[in-house]
Amino acid sequence: MNLLNRYRNLILTTIIILLLAVLMFNGKSPQTTSSILLSGVTLAALYFLIASGVSLIFGLMDVLNFAHGSLFMFGAYAGWTFYTNPRLLFNTAPFLLAMMAGFSLSPVIARWVALPRGARWLSILLGIVIALFALRDFPIDKLVAMGMTMTGKVIATAEAQEPLATMLMRLVGMFMAGVVASAAMATRSAERLESPLRRTLGIVVGLSIAALALLFVRDVGEQTILGLDSNWRFLFALVAGAATGGALGALIEWGLIRPLYSRPIYQILLTLGLTFVFDQVVRFVWGPAGVFMEIPKWFSAQSPDCPSDNLLVWFSQHCDSIMIMGRAFPSYRLFIILVGVIMVLAIALLLTRTRFGMIIRAGVQDSEMVEALGINVRRVFTLVFAIGAALAGLGGVVAAPFLGVYPGMAMEFLLQAFIVVVIGGLGSIPGAVVGALLVGLARAYGDNIVLSGIQLPWRQDAITGSPAIARASTVLIMAIVLFLRPTGIFGKKE
Amino acid sequence: MPNILELDSIHTFIGQFHILEGVSLSVTEGSITAILGRNGAGKTTTLKSIIGLRPPREGKVSFGGTDIRGRRPYDIAALGIGYVPENRAIFRALTVEENLKIAERKKGDLAKRGEMIFGLFPDLKKFTKLSAGQLSGGQQQMLAIARALVPDNRLLLIDEPSEGLAPILIEQLMESIRSLSAHTTILLVEQNFRMASQLADDYYLIDDGKSVQHGAMKDLVNDRATIQRYLGAS
Numbered sequence: 001m002n003l004l005n006r007y008r009n010l011i012l013t014t015i016i017i018l019l020l021a022v023l024m025f026n027g028k029s030p031q032t033t034s035s036i037l038l039s040g041v042t043l044a045a046l047y048f049l050i051a052s053g054v055s056l057i058f059g060l061m062d063v064l065n066f067a068h069g070s071l072f073m074f075g076a077y078a079g080w081t082f083y084t085n086p087r088l089l090f091n092t093a094p095f096l097l098a099m100m101a102g103f104s105l106s107p108v109i110a111r112w113v114a115l116p117r118g119a120r121w122l123s124i125l126l127g128i129v130i131a132l133f134a135l136r137d138f139p140i141d142k143l144v145a146m147g148m149t150m151t152g153k154v155i156a157t158a159e160a161q162e163p164l165a166t167m168l169m170r171l172v173g174m175f176m177a178g179v180v181a182s183a184a185m186a187t188r189s190a191e192r193l194e195s196p197l198r199r200t201l202g203i204v205v206g207l208s209i210a211a212l213a214l215l216f217v218r219d220v221g222e223q224t225i226l227g228l229d230s231n232w233r234f235l236f237a238l239v240a241g242a243a244t245g246g247a248l249g250a251l252i253e254w255g256l257i258r259p260l261y262s263r264p265i266y267q268i269l270l271t272l273g274l275t276f277v278f279d280q281v282v283r284f285v286w287g288p289a290g291v292f293m294e295i296p297k298w299f300s301a302q303s304p305d306c307p308s309d310n311l312l313v314w315f316s317q318h319c320d321s322i323m324i325m326g327r328a329f330p331s332y333r334l335f336i337i338l339v340g341v342i343m344v345l346a347i348a349l350l351l352t353r354t355r356f357g358m359i360i361r362a363g364v365q366d367s368e369m370v371e372a373l374g375i376n377v378r379r380v381f382t383l384v385f386a387i388g389a390a391l392a393g394l395g396g397v398v399a400a401p402f403l404g405v406y407p408g409m410a411m412e413f414l415l416q417a418f419i420v421v422v423i424g425g426l427g428s429i430p431g432a433v434v435g436a437l438l439v440g441l442a443r444a445y446g447d448n449i450v451l452s453g454i455q456l457p458w459r460q461d462a463i464t465g466s467p468a469i470a471r472a473s474t475v476l477i478m479a480i481v482l483f484l485r486p487t488g489i490f491g492k493k494e
Numbered sequence: 001m002p003n004i005l006e007l008d009s010i011h012t013f014i015g016q017f018h019i020l021e022g023v024s025l026s027v028t029e030g031s032i033t034a035i036l037g038r039n040g041a042g043k044t045t046t047l048k049s050i051i052g053l054r055p056p057r058e059g060k061v062s063f064g065g066t067d068i069r070g071r072r073p074y075d076i077a078a079l080g081i082g083y084v085p086e087n088r089a090i091f092r093a094l095t096v097e098e099n100l101k102i103a104e105r106k107k108g109d110l111a112k113r114g115e116m117i118f119g120l121f122p123d124l125k126k127f128t129k130l131s132a133g134q135l136s137g138g139q140q141q142m143l144a145i146a147r148a149l150v151p152d153n154r155l156l157l158i159d160e161p162s163e164g165l166a167p168i169l170i171e172q173l174m175e176s177i178r179s180l181s182a183h184t185t186i187l188l189v190e191q192n193f194r195m196a197s198q199l200a201d202d203y204y205l206i207d208d209g210k211s212v213q214h215g216a217m218k219d220l221v222n223d224r225a226t227i228q229r230y231l232g233a234s
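In order, the protein sequences belong to chains A and B. Here the first sequence stands for residues 1 to 494, where the numbers follow this note's numbering. Here the second sequence stands for residues 1 to 234, where the numbers follow this note's numbering.
Quick caveat, the hints were computed from the structure, so don't treat them as lab data. Think of the CB as a built atom: it goes at the ideal place given N, C-alpha and C, for glycine as much as any other residue. Honestly, I wouldn't trust all of these hints.
To be verified - The calculated lysine to any residue pairs, modelled on SDA-like cross-linking and capped at a C-alpha distance of 20 Å, are:
(1) B/Lys218 x B/Gln198
(2) B/Lys112 x A/Arg355
(3) B/Lys101 x A/Phe356
(4) B/Lys106 x A/Phe356
(5) B/Lys107 x A/Arg355
(6) B/Lys106 x A/Ala348
(7) B/Lys101 x A/Val172
(8) B/Lys107 x A/Phe356
(9) B/Lys101 x A/Ala348
(10) B/Lys101 x A/Ser367
(11) B/Lys126 x A/Ser367
(12) B/Lys101 x B/Glu163
(13) B/Lys129 x A/Asn376
(14) B/Lys106 x A/Thr354
Said to hold, decoys possible - Short, incomplete list of chain A residues facing chain B, as computed with Cβ under 8 Å:
(15) Met358
(16) Ala362
(17) Gln365
(18) Asp366
(19) Glu368
(20) Leu373
(21) Gly374
(22) Ile375
(23) Asn376
(24) Val377
(25) Val380
(26) Leu484
Construct the entire structure; sequences and hints are all you get.
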């Protein structure tokens, strides 16, 4: 009896869920049910990849990162670009690297220049102006057009690139832009001035060499990448998406979030502003219509044996779908689920088995005390932000063959990710998993209701729903959870 | 013995509130020094000003001869200062063992000093795998202090350790602190005058954000007038 009392809440919840499940899936064939469940878990995996970052970042740093959806989207675009149009990468990445190289000179600049507070923004503005000037007439539409007209297939090399000399001049311009903007850092704390000269120069030289290297190998590099088998290219595209996300995340944290630790409202507004910036950048570079990414050969072979329900055959023939209870389910979605599971395990291991993970868990509880123990929490913040962003970027690339790549994906997924985080509890990874599953299954179920409706046992015909109800279902779940447990299922943030 | 810690007329603000108005103190190495004063006098803020969680706007803070005002708390702590805050601030989601391990500054700190620490607080050894949130109030206080002992800290800042503890636990606590002072210097904020008077060698009296008096503890215990005036109790 005592046992029943203690677990009363859990038992009640389970009973309610079971009842709901019976009602909801009444009248649906086992094929449909399993299809809904699997699709739900697929979506859940994607939501988790975004939500885990948002949750950790908020739990640790009290920063609500609105830009996470944009990182997801940008990762998708970066991965897609690597996969189908590496020329674009080789011709644009050097600019960013050159600007970063110039910017890294800030400790040196700080020794000679001390700007008054207001002038900081002027130097950044000036830097942006110089950058725009360095990039004027850059044929970005020509570089991108190749990729788009080919609707996602491999492109052939053509002369859309500018001659090396022109590119070098632009690089110098970007470098100068970075140097000018770096003066904005010149009013910072004493620690900046103490940065060892050798390390600063090392970073500057390193970034410059990277920029030049990418530029000089652009033709060879492009050929090599396009010459790769599509599966390897896909693998590298995954890495590219994750790396882009991570790098952007680190940059955003260091450059925009850190200066505003004491002003959290501005932090949120800033991340919100970033979503607009990213949206416009993406529309400008890749066009407003979005692009299509093919499913790599590993998951899309068309042999006569496919689709099959024999696991071995399915695996060896790389079928594009697998028979589950007599209905074909796309293989790629199983891959998405696999990635999700791997990432959950990876994060769990990181948090529980490493010192870094221990610091994160402690920091979520009390980051001030962690700092008082002698641990450099600022570095931890940047790393966690970068890791969360990398997960989002990875998610974007993984989602690309499934859902396509388009500017709207940022907001769509961000919204659902926020719902996931609220349901699961801010700062909790198990919460993110549970929340993602709930939201994913709700979406999958909702989409199914739109098509076939719910069959209640006491009614003759099914209740159909509109697409709006399907989308609203996740918000409804969030409302219910918040009503019963305001901090989320696993929430513990006071 | 040289002074391991020196505060020279520091002014600390919380927002616009001028909390510390020119507090100065010196701590002799190897001693136990008590900061006394009423609630709200600024004792906790003084400790936070030292560790950098509330950096002073003016004044000088030097530890072992090094100027530490304005540095980040992790830089200051890394110089060898352990901080035991008023609310203990143990990590409830982590196990007792993890709470200790996270305090390590060099690999092997806990292995080296574990024996000493568990000798002082045998209860903790029993509960190493337990999540820290499940410890009792007294045990959490022990853990908070133990955590500050993991690295080889030259100075411990302890803020009101007896708060909320039953009298018998306070006795144990006093024993532990006495043993500690053999290894390190202690700066103690304590409202419990009986405890402070029995432990500390020197005292600093803070009233309304200003340092009003200091000296040897043995001289203060008999000075009923001062005690009544600044501590409001006897």
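Verification of the hints:
This hinted pair checks out: B/Lys218 and B/Gln198 have alpha carbons roughly 9 Å apart, not beyond 20 Å. With a C-alpha separation of about 18 Å, the suggested pair B/Lys112 and A/Arg355 falls inside the 20 Å cut-off, and the hint holds. A threshold of 20 Å between alpha carbons decides the hint, and for B/Lys101 with A/Phe356 the separation of about 12 Å falls inside it, so the pair holds. Between B/Lys106 and A/Phe356 the alpha-carbon distance is near 14 Å, which keeps this suggested pair within the 20 Å criterion.
About 11 Å separates the Cα atoms of B/Lys107 and A/Arg355, which keeps this hinted pair within 20 Å; it holds. Annotation: proposed proximity of B/Lys106 to A/Ala348 is violated, straight-line Cα distance about 25 Å (limit 20 Å). This hinted pair does not check out: B/Lys101 and A/Val172 have alpha carbons roughly 49 Å apart, beyond 20 Å. Straight-line distance between C-alpha atoms of B/Lys107 and A/Phe356 comes to about 14 Å, which keeps the hinted pair within the 20 Å bound.
Between B/Lys101 and A/Ala348 the CA atoms are separated by roughly 19 Å; this keeps the pair inside 20 Å, and the hint holds. Taken as a hint, the B/Lys101 and A/Ser367 pair is honoured in the structure, with Cα atoms around 16 Å apart against an allowance of 20 Å. Taken as a hint, the B/Lys126 and A/Ser367 pair is broken in the structure, with Cα atoms around 27 Å apart against an allowance of 20 Å. Taken as a hint, the B/Lys101 and B/Glu163 pair is broken in the structure, with Cα atoms around 25 Å apart against an allowance of 20 Å.
Restraint check for B/Lys129 and A/Asn376: not satisfied, since their Cα atoms lie roughly 26 Å apart, outside the 20 Å limit. Straight-line distance between C-alpha atoms of B/Lys106 and A/Thr354 comes to about 15 Å, which keeps the hinted pair within the 20 Å bound. Of the supplied interface hints, the one on A/Met358 holds, with its beta-carbon coming within about 5 Å of a beta-carbon of chain B, less than 8 Å. Taken as an interface hint, A/Ala362 checks out: its beta carbon lies about 4 Å from the nearest beta carbon of chain B, inside 8 Å.
The interface hint given for A/Gln365 holds, since its Cβ lies 5 Å from the closest Cβ of chain B, which is under the 8 Å cut-off. Hint status for A/Asp366 relative to chain B: holds, with the closest Cβ pair at about 5 Å, below 8 Å. Checking A/Glu368 against chain B by beta carbon gives a least distance of about 6 Å; that is within 8 Å, so the hint holds. For A/Leu373, the shortest C-beta to C-beta distance to chain B is roughly 5 Å, which falls under 8 Å, so the interface hint holds.
Interface hint at A/Gly374: satisfied, since its Cβ lies 4 Å from the closest Cβ of chain B, which is below the 8 Å cut-off. The interface hint given for A/Ile375 is met, as the beta carbon of that residue sits about 6 Å from the closest beta carbon of chain B, less than 8 Å. Given hint, A/Asn376 at the interface with chain B, holds; its Cβ is 5 Å from that chain's nearest Cβ, closer than 8 Å. Contact between A/Val377 and chain B, as hinted, is supported at the beta carbon level, the nearest pair being about 7 Å apart and thus within 8 Å.
Taking 8 Å as the C-beta contact cut-off toward chain B, the hint placing A/Val380 at the interface is violated, the least distance being around 10 Å. The criterion of a C-beta within 8 Å of any C-beta in chain B is not met by A/Leu484, whose closest approach is roughly 22 Å, and the hint is violated.
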